[in-house]
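Peer 1: The lines below spell out each chain.
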Amino acid sequence: MKLGVAIVVIAAFAAIAAPVLAPYAPDRKFGGLLNAPPTVPHLRDDDGGWHRPFIYRWRLVDQLEQLYVEDRSARFQLVWFTQGHFVLSSNEGAAPLLLAGTDSFGRDVFSRLLFGARTSLGIAIVAALGALLLGASVGGIAGYSGGGVDETLMRVTDFVMVLPAMYVALALRSVLPLVLSPSTVFALLTIIFAILGAPFVARGVRAIVRTERRLDYAAAAEALGASGPRLLFVHLLPAARGFLAVEMTMLIPAFVVAEATLSYIGLGFSDPIASWGTMLRDAASVRVFADFPWLLSPAIAMFMVVLGLNLALQRAPEAMRYGRPNRGVESIR
Amino acid sequence: MSGLTRYIARRVAFALLLVIIVSSAALVLARLAPGDFAASSVGLEARPETIEQTRARLGLNKSIGAQYRDWLASAIRLDFGRSLQYDRPVTELIPERAANTAILSVTALLLATVVGVPLGTIAGSRGRGILPDAIRAVSLVLLSMPPLLTSLFLVFVAARTGWFPIAGMRSAAPVDGGATLDLLHHLVVPSLAIGLPLAAMLERLQAQAVSETIGQPFIVAAIARGVPRSRVLWRDAFKASLRSVAAVYGLVIGTLLSGSFAVEIITAWPGLGSLMLDALRARDVFLVAGCAGTGAVFLGIGTLASDLALAALDPRAREA
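Chains as they are written, first to last, in the working numbering: chain C, 1 to 333; chain X, 1 to 320.
What the hints contain is simulated information worked out from the structure, not anything from laboratory work.
Any given hint could be a false lead.
Partner residues are not named here, just some residues of chain X that face chain C (Cβ under 7 Å, in silico) [to be verified]:
1. THR91
2. LEU143
3. SER144
4. LEU148
5. LEU149
6. LEU152
7. PHE156
8. VAL232
9. GLY254
10. PHE261
11. ILE265
12. ALA268
Since the model is a prediction, treat every value here as computed from it, not as a measurement.
The beta-carbon is built from N, C-alpha and C at its ideal position, and this holds for glycine as well.
Required output: the full structure, derived from the provided sequences and hints.
Peer 2: Here it is in structure tokens:
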């Protein structure tokens, strides 16, 4: 559990501090260094002498095959806290610091990973909040009203729940043009994800509200003249706090993956924008698997975030998972 | 009508409604989408009249309402229109792709059930030793790897080792062993990619259900009477706890279809998902509606099967 929280905190910090932690801007291209491997920081040179952390520069030996060898003739010291960045190479022109290699455009994968975390985690968090808001409203109203309203709303949520999320997202996304501005894509994906995630929230909230309504404190509030909306939003919904928190940690990983899948097939964000999905799209070729494995690092980042959230969820009290026989279902969608 | 018949009738009605709503919605959505097939098929240089003619020939000049009415009228006669880009009836194109998706999904589901449920029973049995802990840890890791990631990972492994083909469904020229073996060989990567996270999910569910069942009086009574523990676990507790797995099967079908979507694209499996993506990109409205409808049929069959299994395992469900 602690490990999980730690991973999540690190990921959040990396995303927030991306402009400082990342050595380069996400769209900076190193023309001579396409698909270059990671530059590994060394402490010892070939003669066995110890130095402060330094890197070697990459020398292209085969233009066609894009094969690089370390040029061990010169050392390039790493410099810390300069020009507003955490760490840089002492000679940016000759030997850029490429902690996770470069992609096929010569962009630094590590920097893009950090900036991509902002896009990918940002959209997941906003969409999860949207799903909670929508789900809690629908579930709250259904649970509070009962009768026909309840019946109708629950039928609709059951229906949305059973649909294959990926197909629905795809169909809804395709209603708009293929090429959209990044902010439109962000808004669109957020809305789609929120709608698809809301039913899971609504079901649980409805069950909680129905139970709570029968308790004495609700009756007391009603007797004191609290209006319907007040009773629902001030008294009953707070009882679902724990459930909503758990739900949030389940929806975020699902949405991170959904964004990645849509961007991977070209219906999410498009190239200049760094997101984990667009980065994976760049990695979609057989040569990557064989020769440029560092391009798969967004997959590892995604795995770590999802694992972290799942670990953090491990000890959540059983009561918070109220009304969820199917926990985990959407986390693998 | 008995309770069970009424129950089945209601579920069948739900499944039918699902198919109709989903395919109608897909048709309308695909039609609403900007850009149409006529404009993109005749090329950028085409004169407006040419585009207009093409549109009229394909029936795209009708209003959405009229088009939907026509489509619905012929759909009742099981004619779902012609694919615009392949110029073949949708009913000819879809079965093969749907069968491919079905092969993949069923294999993955079988794999997940065969692996996940027994391991979940072990993990939930409150036994001691490293086995339950190991199962729990592995399934937590797998649960954090959606099909998108498992397929990338497995393709990576397969590309590095060369043990399995990484793309497609059949070799151009199957080597000795025949077509079936070749198909199975190609199935390894995609079916594991979908099956492993699913197995982890079923394992967690089953583990929880078993550990809840074990606390119940009838289990304690059986143990007190001297029935061997392993027999209590595998016969009594196992059976009683299958309910929760059966209950999610209906939802799992949706997950399977979603999961197979990413996997089909990554491993170039010629299934429904990749066909629908193609159709969407080309604005091939009838094919989109056909694909969505077929997906909904799968979904309907899946939820129905899950409901029936639930009714068989738990008489109380029939009343609900």
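Peer 1: Compare the structure with each hint and give your call.
Peer 2: Now for the hints, and whether the structure bears them out:
1. THR91: Status violated, d = 20 Å.
2. LEU143: Holds, about 6 Å.
3. SER144: Cβ of SER144(X) sits 4 Å from chain C, so the hint holds.
4. LEU148: 5 Å, holds
5. LEU149: 5 Å, holds
6. LEU152: 5 Å, holds
7. PHE156: 5 Å, holds
8. VAL232: 24 Å, violated
9. GLY254: Where the cut-off is 7 Å and the nearest Cβ of chain C is about 4 Å from GLY254(X), the hint holds.
10. PHE261: Constraint on PHE261(X) satisfied, holds at 4 Å.
11. ILE265: 6 Å, holds
12. ALA268: Violated - the Cβ of ALA268(X) stays beyond 7 Å from chain C, reaching only about 11 Å at its closest.
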